[in-house]
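Chains as they are written, first to last, in this note's numbering: chain A, 121 to 468; chain B, 121 to 468; chain C, 121 to 468.
Note that these hints are calculated values from the structure, not bench results. These numbers come from a predicted model, not from an experiment. Among the hints, erroneous ones may be present.
[Stated by the list, open to error] Below, computed lysine-lysine pairings styled on DSSO-like, alpha-carbon distance capped at 30 Å:
#, chain 1, residue 1, chain 2, residue 2
1, B, Lys319, A, Lys319
2, C, Lys385, A, Lys409
3, C, Lys319, B, Lys319
4, A, Lys409, A, Lys319
5, C, Lys385, B, Lys319
6, A, Lys385, B, Lys385
7, C, Lys319, B, Lys385
8, A, Lys385, C, Lys319
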Amino acid sequence: MAARTFTLAELAALAGGTVQGDPVLQLSGLAPLESAGPAELAYFNHANYAQAFAQSAAGAVIVAGRFAVASPGRNLLIAADAALAFARIVRAFHPAPQALAERAPQAFVHPSAEVDPSARIEPFAYVGAGARVGPGCVLGPNAFVGEGAQLGADCRLGPGAKVLHGCVLGARVSLQPGAVVGGDGFGYAFDAAAGEHLKIPQVGIAVLEDDVELGANACVDRATLGETRIGRGTKIDNLVQVGHNVTVGPRSILCGQVGIAGSAKLGEGVVLGGQAAVADHRQIGAGAKLAGRSGVTFDVPAGEVWAGFPAQPHRTWLRNTAAAAELAELSAEVRRLRAELSRLGGKK
Amino acid sequence: MAARTFTLAELAALAGGTVQGDPVLQLSGLAPLESAGPAELAYFNHANYAQAFAQSAAGAVIVAGRFAVASPGRNLLIAADAALAFARIVRAFHPAPQALAERAPQAFVHPSAEVDPSARIEPFAYVGAGARVGPGCVLGPNAFVGEGAQLGADCRLGPGAKVLHGCVLGARVSLQPGAVVGGDGFGYAFDAAAGEHLKIPQVGIAVLEDDVELGANACVDRATLGETRIGRGTKIDNLVQVGHNVTVGPRSILCGQVGIAGSAKLGEGVVLGGQAAVADHRQIGAGAKLAGRSGVTFDVPAGEVWAGFPAQPHRTWLRNTAAAAELAELSAEVRRLRAELSRLGGKK
Amino acid sequence: MAARTFTLAELAALAGGTVQGDPVLQLSGLAPLESAGPAELAYFNHANYAQAFAQSAAGAVIVAGRFAVASPGRNLLIAADAALAFARIVRAFHPAPQALAERAPQAFVHPSAEVDPSARIEPFAYVGAGARVGPGCVLGPNAFVGEGAQLGADCRLGPGAKVLHGCVLGARVSLQPGAVVGGDGFGYAFDAAAGEHLKIPQVGIAVLEDDVELGANACVDRATLGETRIGRGTKIDNLVQVGHNVTVGPRSILCGQVGIAGSAKLGEGVVLGGQAAVADHRQIGAGAKLAGRSGVTFDVPAGEVWAGFPAQPHRTWLRNTAAAAELAELSAEVRRLRAELSRLGGKK
C-alpha cells in the first residue's frame, strides 16, 4: 500500500527513536500487530495488546521504552513518545496525496466566485456567489461553499461537507464528510403576546482558524452577531455540537459527541472527553481537561482536571464516585446506626 | 451590513422599550459589545459581560431594566423583555431575504412533481415523483425531497437537508443543513429461529407542522405506522434525535443533542435542555422543563421542572446533587460514627 | 397503501399466531390503534395503550397472550412473540419495493468503477474510481461511494449517505440518509516541540458485514491501520458514533446517539441503550446489555446487564440509584446521628 520502503534505522532517525535489533531491516509499510508480516512495522501502545505483541509476526514494532524490556529477539523501534513516533512514521509511509487541479463539469461554481486554478472541485460541489476558494483546496462531491464564504489554502471539504454563507476557514482546515460550518445558532425569544418563539436572525459568522479539523457530521454554528471562533490547530471529532458565539482556543481537543452551548469560552489547549458538555456562557481555562461525560455548569480554572456532572475536580469526583458505588450499603449502614443508637439512647 | 438605519427612538418603539439618552441617534446595525462602534447597537444580557458593557464603544445598548441603573452617560434601549426586544431589532435590521424564484438547470425535478413557480430550486437539489413544493420554498444545493413528500409555503431546506418519501412539512418550516426528516425508525424484532434481527418496515411518515425549525444534522424518524409529529412552532437544535412515533407538542424547545426514544409523547411548550433524553413511551406534560442532561425514565407531570438521571423534581435534584458532591466525606463520617458507637456501646 | 389483502387466518398462519374471532375477516393493511378502521389490523404492545386498544375501531388487533384475556368480542391475532408477528405482517403488507435498474444521467460514475447493470444510481450520486457496486444496489440522490470502495449485493444508500475510499459493505447493507462510513478516525499525537497536534493519517478501512443497518447521520470511522468492523446483522441507530479500530460483533444493537471510542471491542449480540458510551480499548462480552446512558469504563463480562456511569451491574445500580434519590435525606440523617451521638457520648 505504501509507496516506498525504509530501513528500521531510517525510520528510527525520522521518528527520534532508537533501534533494538536489525537496523537495516527493510520495511514496506505499517500493519496492526495481529496481521503484520515480516516486512511490516506494527505499533504496541496499550497493555491490552501484550499477547498480540508477543505473538505478532511483524518484522519490527514501535514501542515505548517501558514495553521494550520484555522482548528479546524482537526488532524494536523504541521511542520516548511512541505515539509521536508512530504518527511520524505513518506520515512517512503515507504522505498526503497531491490532488490534481480540476473543476468537474458537474460542479456548480458561481461566476462571481474566485476559485484558485490549483483547487480541485469535484462533481456536484457548489460554490456560491462571491465565495473565495484558496490554492490547493479540495471540495469533495456534494460539498457546499456558500455565498461569500472564504477558504484559505489547502482546505479539504469531504463529501457533503458544508461551509455556509460568509463563514471563514483558514489554511489547511479539514472538514470530514457531512460536517456543517455556519448553520444558524439556536436563538429565539418567546413572544408571549403572539404565543410563539420569535426567531432571532443569526447574522454573525463562524471562523475556523488554520489547521482546524472538524469531524464527520459535526456542527459549528454561526454567531448571532459577531463570530463563533475555533482556534488554530484545534481538533474536533464526529457529531460534536458547537453553539453560536462560542470561542474555542487554539490546540484544543473535543472528542466525539461533545456539546458546547452558546457563548461558552474555552481557552487554549483544553481537552474535552467524549460526550462531555459545557453549559452556555461558561468558561474553561487554558489547559483544563474534562473527562468523558463531564457536564460543566461552573467555570473551570486553567490547568485543572475535572469530571462528572455537575463537573468537579477529578480527585473529588473519584472519591465521590467510589462512595456512590457503595451508596446502597452506606444507606443500610446509616439505618443500622440509627437502630443501635436508639437502643443505646433509649429514644429516637 | 444592514440595509438601512434607524434612530434609537424608532427602534425603541419597534421593540416596545424606552430610550435613556439620545433618541435621535442614528444606528446602522448591530454588533457585539466588544466590537460595536458609535453607529452600532449592542446587547447586554448576562452579568458575565458587565466589563465588556462598561468598556463598549457601542453607540447604544439594549438592556433589561436591571442593567440600566449603573450606566450613566450611555445611550440605552431599556426593555422589560430585553431578549424579545433584541430579537425584534435584529429582525428589523435583517429582514429575511426574498429568494428569487428559479429552477437551476442542474437540479432534478421529477416530471410528476408539483413545484410552485415561485419556489427556488438550487443546483443538485432533488424533487421526487409526485412531490409537492409550495410557493416561496427554497431548496438549497443537494437538498432532497422524496417521492410524494409535501412542503407547505415558504419552507427552507438548507444544503443537504432531506425530507423523505411521503413526509409532510407545514408552512415556513426550516431545515438547517443536513437535517433528515423521515429516515426509518429503529424497529426490529428478533427472530430467534433465524438468529437475526428482522427489520420492521417503517411505513408511516413524519409531519412537521407550521414554523417548526430543525437544526443541522438533526433527525426526525418516520413512524412505523401512522406518524411522528412535531407540533407547530417547535424549535429543535442541532444533532437532536427524535425516534419513530414520537409526538412533540407545539411551541416546544429541544436543545442540542437531545434524544427522544420511540413513542414518547411531549406536550405543548415542553423545554428539554442540551443532551437530555426521554425513554420510549414516556410522557411529558405541557410546560414541563427538563434541565440539560436530564434522563426521563418516568412520566413528568405538566408544568414541573425536573433534572438529573433518572430525572426527578429539580429541587430534589439540587439537594441530592449538593449531598452527592460531599459523598466521600459523608461516607467517612458514617465510618467515624460507627467507630464511636462501637466504643460507646461496647459492641459492633 | 398496501398492495393486497389477507384474511386474519392467513396472517395468523404467516405470523405463527392464532385467531380469536373471525378467521375470514379481510384485512387491507395496518394502522395505529387510534386510526385503524374495520378493514385494518392494529398492534397493541404496551400497557400505556390499553385505553386506545379498548376504544379502537380496528378490524383486528395483534396482541401477546397476556393482553388477549380482557377483550371479548374483538378479533385478535394472538402471538407468543407479538413483536415478531407484527414484523412479519408488516413485511407481508409492505414487501420491499423492487428498484428499477437505472443510471441517472445526472449521476457521476467513474469510468473505472464496476457498477452492476442491475443497480440503480440516482441523480447526483457519485461513484469513484475503481469502486465496485454489486447487483441490486440502490444509491440515492447525492450518495457517495469513494475510490475503491466495495458494495455487495442489494445495498441501499439513502440520500446523502457516504462510503469513503476503500471501505467495504457486505450484502444488503442499508445506510440511512447522511450516514458516513469511513471518515477519518480521530487520531493525533502532540508534537511538543512544534506545539501542535500532528495528524496520524488514517490509512485503514471500515467494513460493514452483511445485513448491517446504519442510522441517519450515524458515523463509523475508518481504522488507523487495519479495519473498523461491524459484524453481520448488527443494527445501529441515528447519530451513533463508532470510533476507529472498533470491533462490534454480529447481531448487536446500538441505539440512538451511542458513542463507542477507539479500539473498543464489543462481542456478539451486545445491546447498548440510547446515549450509552464505551471508553476506548474497553471490551464488552457477548450478549451483554447496557442500559441507556450507561458509560462503560471497565470491561463488561459476557451476558451481564449493566447500567450507570461508571457502569456497574444493573442490580447494584438500581439499589444505588434508589439510595441516591434520597441522598439529601441520608445526609441529614447522618447529621442527626452525629448530634445525638455527641450528646450521648459527651464529646464530638
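Cross-check of the supplied hints:
1. For the hint pairing Lys319 of chain B with Lys319 of chain A, the CA-to-CA distance comes to about 39 Å; that exceeds 30 Å, so the pair is violated.
2. Proximity of Lys385 of chain C to Lys409 of chain A is assessed by CA-CA distance (about 26 Å); at most 30 Å being required, the pair is judged to hold.
3. A threshold of 30 Å between alpha carbons decides the hint, and for Lys319 of chain C with Lys319 of chain B the separation of about 39 Å lies outside it, so the pair is violated.
4. For the given pair, Lys409 of chain A sits about 35 Å from Lys319 of chain A by alpha-carbon distance, which is inconsistent with the 30 Å threshold.
5. This hinted pair checks out: Lys385 of chain C and Lys319 of chain B have alpha carbons roughly 25 Å apart, not beyond 30 Å.
6. A hinted pair counts as satisfied when its Cα atoms are at most 30 Å apart, and Lys385 of chain A with Lys385 of chain B does not qualify at roughly 35 Å.
7. Distance hint between Lys319 of chain C and Lys385 of chain B is unfulfilled; the C-alpha atoms sit about 44 Å from each other, more than 30 Å.
8. Proximity of Lys385 of chain A to Lys319 of chain C is assessed by CA-CA distance (about 25 Å); at most 30 Å being required, the pair is judged to hold.
This entry does not satisfy hints 1, 3, 4, 6 and 7, going by the numbered hints stated previously.
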